[in-house]
Each structure stands twice: as structure tokens, then as C-alpha cells.
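Peer 1: Everything in the sequence shown is counted per the working numbering, starting at 7 for the first residue and increasing by one.
FYI, nobody ran anything at the bench for these hints, they're computed from the structure. A portion of the hints provided could be inaccurate.
[Stated by the list, open to error] Here are the simulated BS3-like cross-link-like pairs (lysine-lysine), alpha carbons at most 25 angstroms apart as the crow flies:
no. : residue 1 : residue 2
1   : Lys44     : Lys57
2   : Lys42     : Lys66
3   : Lys66     : Lys26
4   : Lys144    : Lys26
5   : Lys66     : Lys121
6   : Lys19     : Lys118
7   : Lys38     : Lys118
8   : Lys42     : Lys11
9   : Lys26     : Lys42
10  : Lys11     : Lys57
11  : Lys11     : Lys139
12  : Lys57     : Lys118
13  : Lys42     : Lys139
14  : Lys57     : Lys38
15  : Lys118    : Lys139
16  : Lys66     : Lys144
17  : Lys19     : Lys139
18  : Lys42     : Lys144
19  : Lys19     : Lys57
20  : Lys11     : Lys118
21  : Lys57     : Lys144
22  : Lys118    : Lys144
23  : Lys26     : Lys57
24  : Lys44     : Lys66
25  : Lys118    : Lys44
26  : Lys38     : Lys26
27  : Lys26     : Lys139
[Unchecked claim] Ranges between beta-carbon positions, derived for each pair:
no. : residue 1 : residue 2 : range
28  : Pro36     : Pro58     : 10 to 20 angstroms
29  : Lys139    : Ala54     : 17 to 27 angstroms
30  : Glu128    : Pro20     : 13 to 23 angstroms
Bear in mind that the values here come from a model prediction, so they are computed numbers and not experimental data. Positions of the beta carbon are idealized from the N, C-alpha and C atoms, including for glycine.
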Amino acid sequence: MNGTKTDYTSETKPGGALVKFSSGEECTTPCKLEFKRKNDQRADITLAGYKPTYVLIQSKLGGSAFGNILLGGIVGGVVDGSNGSSNRLYPRPLIVQLAPEGSDQEAVLLDKDGKVVMTVAEHNASVRVDVAKTIGPKLAGLEE
């Protein structure tokens with residue numbers, strides 16, 4: 007069973023980027039903050055010499071939810087679902103390879119081993135509609 011908050015690590019390649027989260031927190035990479043598990047977010051990333059980008063962070067029901075229902079019964083599952091303690095944030099950790107200004111490269115998400123998962127644009131497109139329900143269509147990139 008999890009608490010309602012989780013440590014959230016943000017890294018960029020190269021490091022030293024400013025990350026501003028829609029919840030109001032900000033940090034310089036590499037960094038770690040504590041976030042509520044149930045809240046979707048937007049992370050705006052900037053670093054001189056690199057294209058600014060943003061990543062939509064989605065709160066998803068974690069795999070432990072089924073186990074919590076078995077162990078804690080329906081009531082436990084409902085409580086964990088409503089307070090977000092069964093949720094996990096995706097992507098986590100947030101690792102972004104930034105794209106140099108003036109290049110045709112795109113920012114990409116990396117896994118813990120440094121392998122490319124997908125472009126930031128592909129990730130955002132895959133979660134945008136769901137995340138827009140909680141952070142709003144403008145922050146999610148549905149409206150300019």
C-alpha cells in the first residue's frame with residue numbers, strides 16, 4: 007500500500023534545465039520533488055541553447071489497486087482509489103533528452119537506462135485528452 011504522495015525525480019540531458027510544474031513547484035535538473043499521486047501535471051522545461059518543451063504527467067491507477075481490493079476489501083479499494091494512493095505518475099522518473107535550438111531534433115523521453123522511449127510529442131499526444139480533463143485543455147495543449 008502506498009501513501010498519497012510520492013517522490014518524483016526529474017532529469018534532463020544535459021542537466022541544469024529549469025522545470026516548472028503546473029502545481030507551482032519548480033526545480034533545476036537533476037531534482038526530486040514530492041507530488042500527490044492523484045494529480046495530473048504539466049512540466050515545462052527550459053535550458054538556454056535548447057528548444058523549450060513540456061511533458062504531460064499522467065496519474066494512472068497502479069497495479070497494486072487489485073491487490074488492495076483483495077487485502078482490504080471493496081472499502082479499502084474505494085478509499086485508495088479516491089485518495090490516489092493506488093495511483094502512479096507516468097512518466098516516472100521524468101528523463102528528457104533536450105533538442106538543441108536550430109536543429110531538426112525533437113525532445114525525447116528516456117528510460118532509466120538512457121534508452122529512447124518515444125518523443126515527448128508522441129507521449130503528450132497519447133495522454134493529452136485524459137490529462138486535459140484535470141489540468142484543463144489549454145495547459146494540456148488542446149488550445150493555444
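Peer 1: Run through the hints listed earlier and report the numbers of any the structure violates, in increasing order.
Peer 2: 1, 10, 15, 17, 22 and 29
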